[in-house]
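J.: Single-letter residue listing:
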Amino acid sequence: MRLFEYQAKSILGQFVNVPKGVLVDKENMNQMIPKLSLPCVLKAQVKVGGRGKAGGVLKVKDSKDLKSNFEKLFSMEIKGEKVEKVLVEELIDIERELYFSVIFYRPSRRFMLVFCEDGGVDIEQLAETKPDAITKVKVDPIIGIKDFMLRNLIKDFELYSVLNKFVKEAYKIFVEKDLVMLEINPLVITKNKEVVCADAKVEFDDNAMYKHPEFEAFLEKSEIEAKKLGFSYVSLDGDIGILGNGAGLVLATIDSVTRAGGKCANFLDIGGGAKSERVKSALKFLVEQKKLKGILINVFGGITRADEVAKGLLEFEEEYKLNLPVVVRLSGTKADEGLELLHGKYEIVSSLRDGAKKIVDLAK
Amino acid sequence: MSILLDKRSKILVQGITGREGSFHAEQMLNYPSRVVAGVTPKKGGTLFLDKVPIYNSVEEAVNETGANVSVIFVPPFACQDAIFEAIFAKIKLIICITEGVSLHDMADVYSFLKTKKDVRLIGPNCPGIITPGVCKAGIMPANAFMPGSVGIISRSGTLTYEISHMLTSNGIGQSTVVGIGGDPIIGTTFKDVLMLFERDTQTEMVFLVGEIGGTDEEDACDFIREMTKPVVAFISGASAPEGKRMGHAGAIVYGKMGSVQSKIEAFRSAGVLVAESIDDLLNIAKKTLGVVKTSKGSKQHLFEYYISQIEGSDFSGRF
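Going down the list, the sequences are from chains A and B.
Going by the numbering used here, the first residue of the first sequence is number 467, and it counts up by one from there.
Going by the numbering used here, the first residue of the second sequence is number 4, and it counts up by one from there.
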């Protein structure tokens, strides 16, 4: 789960310095305006990069500009994301801007510290034009970080001594809070030699939710729904609904439908071991999201039992009356029982290729 | 011969009394695999299906039954503990089926495993391993598989069943099928399994089923260049929208690594045939192995041939 900046800072603020700030949304804007101290900076809260370039960060010196600036931000859409909340922060006394991140480095299954003395800039571009300016150090989770690693990361000794404690603290947050990514850009050193996280991007590992009830509050409505029901869902551009089990099979199903000339409306993986109840909710969720021209169900039972999938489909049909072409492909564990249940009621196909062709035809 | 499992593999099921554990332990027994023990703390001393003894700890189970393969079905929060328990009880092949194990839990396990060269972990979040006709240690639907000469390694469970089923219904059997799991941290990678298939006399060609994300496919290419056996790859997710990159931090560290294009290019440069679709895989297998093996009459004959090959071998616990 990606967090909003204000959410990330509410977590980071318990361990390291973050600027003082308050959250403002459209509804409470007018009450909040008189309470804000100036000068301040208004930051649109979106989960996509490039916010600054898109004009989503505004400095305000005069109280008469506050309202118009808020309105400007609340009417914005940054890379398809509407601005619903604005974080208002105090201005900080910047002496130096740096870049720092900790991420999970998949190729070696280690964590990696990334540092650059030039912060606040477009770090992606810098990585291409001046790759040597960025230093990286891998960390074995069992050993944790040692000083020599930090000296390899931060070559300037003065900076090393200023940042030593911060980096260790940041790594501790990364581990204790089960993060996949923690990026501070810019990491600011103030004129008083304080280290402050001016901006923060945090990605949390959803699988660790049971250890961190504090993150539950950050879930969005659709995420809570999908999470509660136990499946993963991604919305796509097309109009053919896809329901399958296992990420790989669902991806391959989408590939097949695309190859057959159709456009998929979504990625929906009902996950392992789904019972009929979950299948029913997944279908309900599917048809609620957008207008569909047809649904392709492709399930290969393993830990999931195909008869449960069939039962879920029938229960859904009975309760909600679906007026859509549905093509079903069932194989694997309890597939015969499942197909028996669906016999004569739905288009049954025996291969993925046939299923893709059929649903594309029917959806026309 | 086959890899990782043989007829002497003695399977232990951690979490045998849970919903998934009990269902699949029974399926394994019916395959028939030798499920010799189950472990569920506090339920030691009872029997599973009136025949498989249940123990309170893995150590006890190993001492009493000589189990050498463990299949883990415990819930995510207890999974790291279960893996460590198996490692410390000296199980050599640990297969973790559990889905949803946290990244940091697995990062610790992975680091520790690097210091234990004689232990192999498959998964987590994987369907397990099947050597058709001989032994199933996992959750795959048995009727999708038959003995033969195609080795399969896959990151995706259901896609593995799909592909095996397609081969089987066309009379092409599999030597061993290994689902390595799709999580960011897995114990055994494509490269590890390719090495085993290269040495395996029964395997004539290898199917590698990959996915977008990660760089294990790219990493396997250096070894594939050295292989004598043909490798055919399929990567799912070609039409998926570009995956969520991990912000700038991910972008500056990974660059273009992990995309479908990067994987396909790496494969092609290593001489791997990349199948455009699942059906393509079948055509390639037919061409490589010769059409004679797809006729119905030869199917039974082949089945018997491979079983006889497997029966004669013994390589429990050796990698």
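If you're looking for bench data, these hints aren't it; they were derived computationally from the structure.
Everything numeric in this text was worked out from a predicted model, so none of it was measured.
Treat the hints loosely; a few may be bogus.
Stated by the list, open to error - Partner residues aside, some chain B positions facing chain A, computed with beta carbon under 8 angstroms:
1) Glu23
2) Ser25
3) Ala147
Said to hold, decoys possible - Ranges between beta-carbon positions, derived for each pair:
4) A:Leu790 / B:Phe226: 18 to 26 angstroms
5) B:Asn66 / A:Lys596: 29 to 37 angstroms
6) B:Glu268 / A:Ala599: 55 to 63 angstroms
7) B:Asn66 / A:Lys811: 52 to 60 angstroms
8) B:Lys194 / A:Met495: 35 to 43 angstroms
9) A:Leu625 / B:Met260: 26 to 34 angstroms
10) B:Asp225 / A:Ser541: 32 to 40 angstroms
11) A:Lys486 / B:Glu229: 36 to 44 angstroms
12) B:Lys194 / A:Ser698: 25 to 33 angstroms
13) B:Asp225 / A:Lys486: 26 to 34 angstroms
14) B:Lys93 / A:Ser698: 50 to 58 angstroms
15) A:Ile690 / B:Asp121: 42 to 50 angstroms
16) B:Glu62 / A:Lys729: 24 to 32 angstroms
17) B:Lys93 / A:Glu624: 49 to 57 angstroms
Backbone N, C-alpha and C fix where the C-beta goes; we use that ideal spot for every residue, glycine too.
J.: Is the interface hint for Ala147 (chain B) satisfied, with its Cβ closer than 8 angstroms to some Cβ of chain A?
T.: holds (6 angstroms)
J.: Given the hint of 36 to 44 angstroms, check if Lys486 (chain A) and Glu229 (chain B) actually sit that far apart at their C-beta atoms.
T.: violated (59 angstroms)
J.: Range hint 26 to 34 angstroms: satisfied by the CB atoms of Leu625 (chain A) and Met260 (chain B)?
T.: holds (29 angstroms)
J.: Given a cut of 8 angstroms on the nearest C-beta pair, is the interface hint for Glu23 (chain B) held or broken against chain A?
T.: Holds, about 6 angstroms.
J.: Taking the CB of Asn66 (chain B) and the CB of Lys811 (chain A), does the distance hold inside 52 to 60 angstroms?
T.: holds (54 angstroms)
J.: Measuring from beta carbon to beta carbon, are Lys93 (chain B) and Ser698 (chain A) in 50 to 58 angstroms?
T.: For Lys93 (chain B) and Ser698 (chain A) the Cβ distance comes to about 37 angstroms; the hint is violated.
J.: Once the shortest beta carbon distance from Ser25 (chain B) to chain A is found, is it less than 8 angstroms?
T.: violated (12 angstroms)
J.: Taking 55 to 63 angstroms as the hint, is the beta-carbon distance of Glu268 (chain B) and Ala599 (chain A) inside that range?
T.: violated (28 angstroms)
J.: Could you tell me whether the CB distance from Glu62 (chain B) to Lys729 (chain A) stays inside 24 to 32 angstroms?
T.: At 55 angstroms between Cβs, range violated.
J.: Does the hinted range 49 to 57 angstroms hold for Lys93 (chain B) and Glu624 (chain A) at CB?
T.: For Lys93 (chain B) and Glu624 (chain A) the Cβ distance comes to about 51 angstroms; the hint holds.
J.: Measuring from beta carbon to beta carbon, are Leu790 (chain A) and Phe226 (chain B) in 18 to 26 angstroms?
T.: violated (47 angstroms)
J.: Is it true that Asn66 (chain B) and Lys596 (chain A) lie within 29 to 37 angstroms of each other by Cβ?
T.: violated (60 angstroms)
Hints 2, 4, 5, 6, 8, 10, 11, 13, 14 and 16 from the earlier list are contradicted by this structure; the remaining hints agree with it.
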